[in-house]
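Now for the letters of each chain:
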Amino acid sequence: MKSVRLVAIAVLVLTALTVLGARYLAPAGYEQQFREMPQAAPSAHHLLGTDDLGRDRWARLLYGMRVSLTLAPLAALFTTVLAGLVGGIAGYFGGWTERCCKLLIDLFLSVPWLFLLITVRAVLPLNVSPEASVTVTFALLGLLGWAASARVICAGAKNLMKSEFIWMARASGFSGFKLIRLHLLPNLRGALLAQFWISIPVFIIAEANLGALGLGVSEPLPSLGSLLRELQDAVMLRPEPWRLLPLAVLIVVISSFQVLLNKEEVRS
Amino acid sequence: MLRFWGWAVLRVAAVMLMASFASAMLMRIAPGFSSDDQELNSGLSSQSIQAIRQARLMDADIPHFYASYVASLIHGDLGASRSLNQPVKDLLRERLPVTLFNLAFALAVGWLLGLALAIAAQIWDTRALSFFANGLSGTFISTPAAALALVFLLLRWPPAFAAALLVYPKVYRYTQNLLQQSSEMPHVLTARAKGAGPWRVLAWHIAPIAFPQLIALVGVSISIGIGVLLPIEVVSDVAGIGQLAWHAAQARDLPLLVNLTMVVTFVTVCATLISDAAQRGLSRSAA
Amino acid sequence: MKRLYLVLVIWTMGFSSMFAQTGGELRFCLRSEPKTFNPLLVEDEASETIRYLTGGVLVRVNRITLNAEPDLATSWKVSEGGKRIRFKLREGLKYSDGTPFSAEDVAYTMQQLMDPALHSSTGDAFRSAEGKLATHVISAHEIEINFPAPVANLVNLFDTVAILSAKSPQKEMAALGPFYISDRKAGSYLLLKRNPYYWKKDAAGKQLPYLDSIRLDIEQNPEIEAMRYKRGEVHLINTVSPAIFEKLSSDSASVRDAGASTDTEQLWFNQVPSAPIPAYKKAWFTSTNFRRAVSEAINRNDLARIVYRGHAVPAIGIISSSNKFWFNASLTPHPYDTSSALHRLQQDGFQLIGDTLKDKDGNPVEFSIATNAGNRARESMATMIQQDLKKIGIKVNVVTLDFNSLLERMTQSYKYEACLLGFQNVELDPNSQMAVWLSSADNHQWNPSQKSPATAWEAEIDKLMRAQAASGDEHKRKQYWDRVQQIAWEQEPFIYLINKDALVAIAPSVKNAEPSVFRPQAFWNVETLALAR
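Protein sequences appear in the order of chains S, E and H. So the first sequence is numbered by the working numbering: it starts at 878 and just counts up by one. So the second sequence is numbered by the working numbering: it starts at 12 and just counts up by one. So the third sequence is numbered by the working numbering: it starts at 2 and just counts up by one.
Keep in mind that a hint or two might mislead.
What the hints assert, rightly or not - To give a feel for the contact side, a few chain E residues facing chain H, derived at Cβ under 8 Å: (1) 42; (2) 43; (3) 46; (4) 48; (5) 50; (6) 52; (7) 54; (8) 56; (9) 57; (10) 60; (11) 62; (12) 63; (13) 96; (14) 106; (15) 161.
It is worth saying that the hints were derived from the structure and are not from the lab. Ideal Cβ placement from N, Cα and C applies to all residues, glycine included.
Here chain S stands alone, though its shape is the one from the complex (with noise of 0.2 Å):
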């Protein structure tokens, strides 16, 4: 197992300094159209070719890494601590407080949220950045994605107030936020783990749909997201397998986090 975790090490390192140096290692640079060779097969030039309109894919994939794999764990990070937060004090509380978050939640889980997201378009600037735009998308990814978790939070909060050490905590004098932070969340890390981890590539990919609201990266910056919706376009006209590499790394870089942060990895 401990080779394994070494593997993951390596795979995550690789990729952080890949994407780091990405201005050394693809220096045509993601928004340079080489118009001469648009759709080219990998070559000495473009180690992945070009795209449609003659763009390097390979700067454009380590650039829409940088910031995907930078972005989309953040929204995830943020989603979880609210679905944590949400979940927990429902569970804590009990009664009224309960009903209410619960009714919360199945009101975050019913609303059609797409015209809250039309309507942060509009009030967006115009000439927002491409980088403010992104940032922006994942945010409210972030704060729209967390009424699922905090469901399933809630019932693992509700099931260990039944529990011997919470009451011994109770007894030992802990309430409020300071039993929820110190002796629930720690014990809900299943649900919390398992809700960061399908948020990041959920996120990517719904940035990229969101394209279709002028919300997500706008053009010429790249994101993984954007990348990934081309697999239509390989999947109907195009079966060129290098178009598959952005699929490839978000697998490889979400399991390696996996077994990077999997408790029985670690103990081993």
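For chain S, the structure is supplied; the task is to place chains E and H on it using the hints.
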């Protein structure tokens, strides 16, 4: 028990009303509510364009619209879709069964796969199995629904199966983490130390701890399933309510969207209520 | 004996091939559910397809020759410069439910169409002035229609008017065209069956249409439509994207490029005085030099070659060269010349300092181009324009918005700086563009609904458009319209980018297909389409 179900009915009704009102308000506030692509038709006269804009603003007063909608709803009239020029009742009658079937299939298969893999990973704690299960769930959770739906279309496989493959990683990840965490409890370690086999430990010691959260997950997996089905229906052109919802959003079709929100809310809240009832039953029997 | 044998063989072959060409069900897709089956209220493409396939019209414009041909009317006479038209109608015709057709139906249809409360673009096209329409039924098969003022392009406008029955209990569902709606499932398909009472016969006297039925599946996804075409589940695709065209042609499926269509893609700047954008940007956008410079800095050849894979041509002006009669052939393509672009900008006091262009007050030149999200071609064009303008120091931000939001900015709040959209020019006649070129019109996109023309050139265009609408002399109208095109070319309120080609896919089993650049491209001659057995 009667009190519980009484509150449940009230809760369903309250959430349905609030969610549909909120969706109407959001649609009204969002830009483009009074816009119609017919305005760009250069064949239309100025008066016609003004008439089109006025027609769009008919429902601009949301409280008024909503009050008349609820009044009609009591008489069983769901109104008419502005963009499709058809009664909403007919549209739902045609499309709801399609989505419900696909949803049920996706959830059943997704849960089966997710649970099976999570339990297998727990019982046979091998590197190969762990690698396979994590890799497979990582693959499908990272794959855009639209791309997967297209692959299935090419292969002529049912799109509901694509939805199942997108539901299962979430089920697997939660279940695997819950079982993992529960297996670290002191009483589980004690049971193992006393020689209990892996199946016995799972059934008698791990499952009872993880169960309440799993039941809660069953409740919310409806909304996970709906979220996954929507892009699949749009891409695969399945005539379900997912496709209808996307159309309603793009066309700013207020009556259609409000009704769809009602339907989705009803299904979602009922599912969570059933899981709440199951949890209550469990905790009562445990007591 | 040998000669008789030869004659017999030839006759048998002709006879059998004739029978081999009849019958069968043609299958193709609609991109959306038709919004209406009332032919007078058609606005969307799906409804227009149904109207074309089921509606009987007095006059049909041949999509290849562009000549108006007799259909339900055998002849017509236009008088008073287009204020009056008299039709002689075919006798003995019936609707698909057996209801007889007569001049009363034409009168009924025109009265319905010209009802101001209807708000139909088909009716608005005839509305050259305020006032009521008068119809005079001379006999069962002759009718005279009087308009309050001359209507330009009067005869061809009847190509879009499907004649309703005044008496049929089926109302608008009773069809005079080659097919009628037999079955439908909302969101899924429509089935059209051969109209047993259709009047047309082929040269050999055989009843048309050749096809038994047409099945129209609702298919929103173009990639799935292409997949179904490859599998043989559909027989034709009326509009194919360049990417799918390449894929289908590389797989030897039958696709055809009919040539440059009449559709345009263009960019324009917001010149609305009350628009909530900084005053210095308004000054840029209202400057002809600025617009001409931007136009000269855009590489249209690259747009056509890369975005449309060579299936487009750089646009020259308002209309495409495929609209042969109305196109001003003296206009030349705008050059791609960054030096000339910079020179024009310098005339207005702009200066390129390092990599940044600044105006005379030192403001760096930066603006956003808004376009509708989800349209890959437009998003790609905007990205390429972003790169082109970067070469002359202009920073462009590409903003994609959902269509309704974009529309709201364009037509109501005017909260945009530049917009990239395309227009479908269904009608060839310049009169159809009155609502674009009149400064008071709602679709005068860069500065709509003006109380009086903001510039001298817009005032001149107003005069010219009104003159061509009032004139009955086609050559005079051509002169006026040529001058409008010239002004538009010089001032560039719209920076026309490309005219995309009409790309269709027609299976080899479909006989007698003659794709046109004009709508409906693949099936304009549906009554003579046949399926090989």
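Tested hints:
The restraint placing residue 42(E) at the interface with chain H holds, with a minimum CB-CB distance near 4 Å, inside the 8 Å limit. Below 8 Å, beta-carbon pairs count as interface contacts, and residue 43(E) has one with chain H at about 3 Å; its hint therefore holds. At a threshold of 8 Å, the smallest CB-CB gap from residue 46(E) to chain H is about 4 Å, leaving the interface hint in force. Evaluation of the residue 48(E) hint against chain H yields a held restraint, the C-beta minimum of about 7 Å falling below 8 Å.
Hint on residue 50(E) holds. Least Cβ distance to chain H is approximately 6 Å, under the 8 Å limit. Look at residue 52(E): its Cβ gets to within about 5 Å of chain H, closer than 8 Å, so that hint holds up. Because the closest C-beta pair between residue 54(E) and chain H is about 3 Å apart, less than 8 Å, the hint holds. At about 4 Å, the closest approach between the beta carbon of residue 56(E) and any beta carbon in chain H falls short of 8 Å, and the interface hint on this residue holds.
Because the smallest distance between the Cβ of residue 57(E) and any Cβ of chain H comes to about 5 Å, under 8 Å, the interface hint for this residue holds. Evaluation of the residue 60(E) hint against chain H yields a held restraint, the C-beta minimum of about 5 Å falling below 8 Å. For residue 62(E), the shortest C-beta to C-beta distance to chain H is roughly 5 Å, which falls under 8 Å, so the interface hint holds. Taking 8 Å as the C-beta cut-off, the interface hint given for residue 63(E) holds, the closest approach to chain H being about 7 Å.
For the restraint placing residue 96(E) at the interface with chain H, the shortest Cβ-Cβ distance is roughly 6 Å, inside the 8 Å limit, so the hint holds. Hint on residue 106(E) holds. Least Cβ distance to chain H is approximately 7 Å, under the 8 Å limit. Hint status for residue 161(E): holds, given a least beta-carbon distance of 7 Å to chain H, under 8 Å.
Hint violations for this structure: none, all hints satisfied.
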